[in-house]
Amino acid sequence: MNSPAISSRGSPALSTKARSYDTTTILIHVAEECFEKARRGVQRVAASGSDDQVREYQKLITTGLACLEAAFQSNRLSPRQEAKARLRYASILCDETENLQEAETALSKGITICDKHRYADLKYCMQYLLLKVLFQRNQKAAFIAVDKNISDCLTCVISAIQNQPRTDR
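Note that the working numbering has the sequence shown beginning at -12, numbered continuously upward.
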């Protein structure tokens, strides 16, 4: 007799293993939910000017930022996920807070990750946002950074052209 009730293996439905959840992905999704909820209520907050609604809005933004910070600190994000999360973190800091120093730090770390893993798309988005942050803090530094970025881009284009195989027709 081969009944599951008698079998020594037990029923496969009664697995006692704990499920493994990707908490870093959950943190990022919770952060996005907080930002979305804050964004949906921003007109109501602006129209009413109620201190309670302003506090609720700020609480949602703060919670979202804290979730992203926790995801960074877990060191369990893939490099691309971390770069995207740092870009999102910095853009929220830029738009919703006055903490430009923290935004600059997050972008610098993100650009380093993008350089290491060759994520040109994210790198240029981060450089653009970094220039916006720098321009708010120090316009002269922003112009110097623009010149450096243009020089870097020209170097990349020239090297790509030189490394391109020639085809004689």
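Source of the hints: derived by calculation from the structure; they are not laboratory data. Remember, predicted model here, so these are calculated numbers, not experimental data. A virtual CB, placed ideally from N, CA and C, is assigned to each residue, including glycine. Careful: at least some of the hints might be erroneous.
Said to hold, decoys possible - Label pairs and their in silico Cβ distance ranges:
| # | residue 1 | residue 2 | range |
| --- | --- | --- | --- |
| 1 | K135 | P66 | 22 to 30 Å |
| 2 | Q151 | A34 | 50 to 58 Å |
| 3 | A53 | Q123 | 20 to 28 Å |
| 4 | K135 | A34 | 42 to 50 Å |
| 5 | P66 | Q88 | 20 to 28 Å |
| 6 | I148 | R105 | 16 to 24 Å |
| 7 | E19 | F122 | 22 to 30 Å |
| 8 | R124 | R27 | 24 to 32 Å |
| 9 | R26 | K135 | 29 to 37 Å |
| 10 | Q149 | E19 | 38 to 46 Å |
| 11 | S35 | D82 | 15 to 23 Å |
| 12 | S138 | E20 | 16 to 24 Å |
Said to hold, decoys possible - Pairs of lysine to aspartate or glutamate residues, derived as EDC-like cross-links and limited to a Cα-Cα distance of at most 16 Å, are as follows:
| # | residue 1 | residue 2 |
| --- | --- | --- |
| 13 | K46 | E83 |
| 14 | K110 | E91 |
| 15 | K119 | D82 |
| 16 | K71 | D102 |
For each hint, the structure was consulted:
1. K135 / P66: 22 to 30 Å: 24 Å, holds
2. Q151 / A34: 50 to 58 Å: 57 Å, holds
3. A53 / Q123: 20 to 28 Å: Cβ of A53 to Cβ of Q123: about 23 Å, so the range 20 to 28 Å holds.
4. K135 / A34: 42 to 50 Å: 43 Å, holds
5. P66 / Q88: 20 to 28 Å: 24 Å, holds
6. I148 / R105: 16 to 24 Å: Since the Cβ atoms of I148 and R105 sit about 18 Å apart, the hinted range of 16 to 24 Å holds.
7. E19 / F122: 22 to 30 Å: Since E19 and F122 have Cβ atoms about 27 Å apart, the given range 22 to 30 Å holds.
8. R124 / R27: 24 to 32 Å: 30 Å, holds
9. R26 / K135: 29 to 37 Å: Holds: the Cβ-Cβ distance is about 34 Å, inside 29 to 37 Å.
10. Q149 / E19: 38 to 46 Å: 42 Å, holds
11. S35 / D82: 15 to 23 Å: 21 Å, holds
12. S138 / E20: 16 to 24 Å: Because 41 Å falls outside the window, the suggested range is violated.
13. K46 / E83: 12 Å, holds
14. K110 / E91: 14 Å, holds
15. K119 / D82: 11 Å, holds
16. K71 / D102: 13 Å, holds
The structure fails hint 12 only (numbered hints given earlier).
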